[in-house]
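There are 2 protein chains.
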Amino acid sequence: MRAVIPYKKKNAKSRLSNVMTKIQRETFVELMLKDVIGSMKEAGITNIDILTPSPEEVEDGLGVSVIEDEADLNEALNSYLVCQNEPVLIIMADLPLVRPKHIREIISSDEEIVIVPGKGGGTNILYIRRPDIFRVKYYNSSFENHCNIASQLGLSLAKYDSFLASTDIDEPNDIVELILHGKGLAREYAKNNFVKKEGGNGRVKYYPLQHSQKFLSS
Amino acid sequence: MRAVIPYKKKNAKSRLSNVMTKIQRETFVELMLKDVIGSMKEAGITNIDILTPSPEEVEDGLGVSVIEDEADLNEALNSYLVCQNEPVLIIMADLPLVRPKHIREIISSDEEIVIVPGKGGGTNILYIRRPDIFRVKYYNSSFENHCNIASQLGLSLAKYDSFLASTDIDEPNDIVELILHGKGLAREYAKNNFVKKEGGNGRVKYYPLQHSQKFLSS
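Protein sequences appear in the order of chains A and B.
If you count by numbering that gives the first Met the number 0, then the first sequence holds residues 0 to 217, one letter each, in order.
If you count by numbering that gives the first Met the number 0, then the second sequence holds residues 0 to 217, one letter each, in order.
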């Protein structure tokens, strides 16, 4: 089997722009990628491809293959899948809470498709035993899309239930989960750049440590 | 063992008031309670206590015991715990995604404490083998509080990792998870009262079907 991580660094994570500068977001997304690669390797996955429109953005020495494709996410992934003749794990780069245990459990499933939902209808991880016949449809309700595609193809499907693996770090409110439940490089970075603010009986939130004018006005 | 569900219906779920009227929230919280009770019973739990300041708000015929306590959540739960001489599962009423499988797994753990985090630092489920020595501290960073209390008491602790059990329905953005991943009464109610709105590449959101002036202005 092999794993593929779609990746783009430049101006990444725009929905965090109220709480991180562009430079911070680009640093952060790189640390999250390293966390994900680390968990994959610890789970025993040796063939890891980074699928990116900008190969120069992928640091050397990560022990991965870099595949360039300037097409959009779905087109690039589907071009990738059609060429594979072994099971493929598609995992997003913004999952620093994923642990090796999750990866091991997902790839040892008996089902033909294993899906880990993201927050708000997304797909965080997709394990595809037969990449030659499956096509992905990310964005919007991709969790429903992928369940429907599996069903149309008559493929058995398991929904993998994990808070950690389902927590993609995409919006300011996700930072609290990373700091509370994470343990890698991205968590360390968030911990050093955000500060907790408790208030009332609602959910805890973290705010940027450096209250630049930009952040304060948001 | 026994389970306890803290419950308050009147003007419940105030953080949903931008998307639900007071009447709707009160109906909704009751349906979520019924979903939770249903999952507990299906998991084989027969002793279920509802801890509430307003016993008249608990519908008859639910097959539960109702315990009145007007004190705040922590005080009421700690008064309850001190009287118990068997393991106690504390489960919040806003967890309509919890399945019997989760409950079975949690109560069959070997650890002295099992905790299911909520979103934003909360505690959704807390399983306590020795309720006579454990005291709860809900609100704010209750997940951290409960981990610390267990550690101070020298009690072994398991963190239970489930997206479904960690999804408390508290804020408008949680509705999408209920509709996509739920299957009980509260999900049906949400499905009948909200409509999907996709836009851009971000997370899917659901909005109230009846766009009253109040909701539109929020």
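What the hints contain is simulated information worked out from the structure, not anything from laboratory work.
Be a bit skeptical, because a hint or two may be false.
[As the list claims (entries may be wrong)] List time: in silico DSBU-like cross-link candidates among lysine-lysine, alpha-carbon distance up to 35 Å:
1) K33/B - K136/B
2) K204/A - K182/B
3) K9/A - K195/B
4) K204/A - K158/B
5) K136/B - K190/A
6) K8/B - K100/A
7) K136/A - K136/B
8) K182/B - K136/A
9) K136/A - K8/A
[As the list claims (entries may be wrong)] What follows is a set of in silico ranges between Cβ atoms, one per label pair, in the way DEER data are often shown:
10) S13/A - N10/B: 51 to 59 Å
11) D71/B - N77/A: 33 to 41 Å
12) K7/A - S108/B: 34 to 42 Å
13) N10/B - G37/A: 30 to 38 Å
14) E197/A - G201/B: 24 to 32 Å
15) N10/B - P54/A: 51 to 59 Å
16) L156/B - R103/A: 17 to 25 Å
17) E187/B - G199/A: 29 to 37 Å
18) N147/A - D68/B: 46 to 54 Å
19) N17/A - S16/B: 18 to 26 Å
20) K100/A - T20/B: 40 to 48 Å
Remember, predicted model here, so these are calculated numbers, not experimental data.
The beta carbon of each residue, even a glycine, is placed where N, CA and C say it ideally should be.
For this structure, which hints from the list above don't hold up? 6, 7, 10, 11, 13
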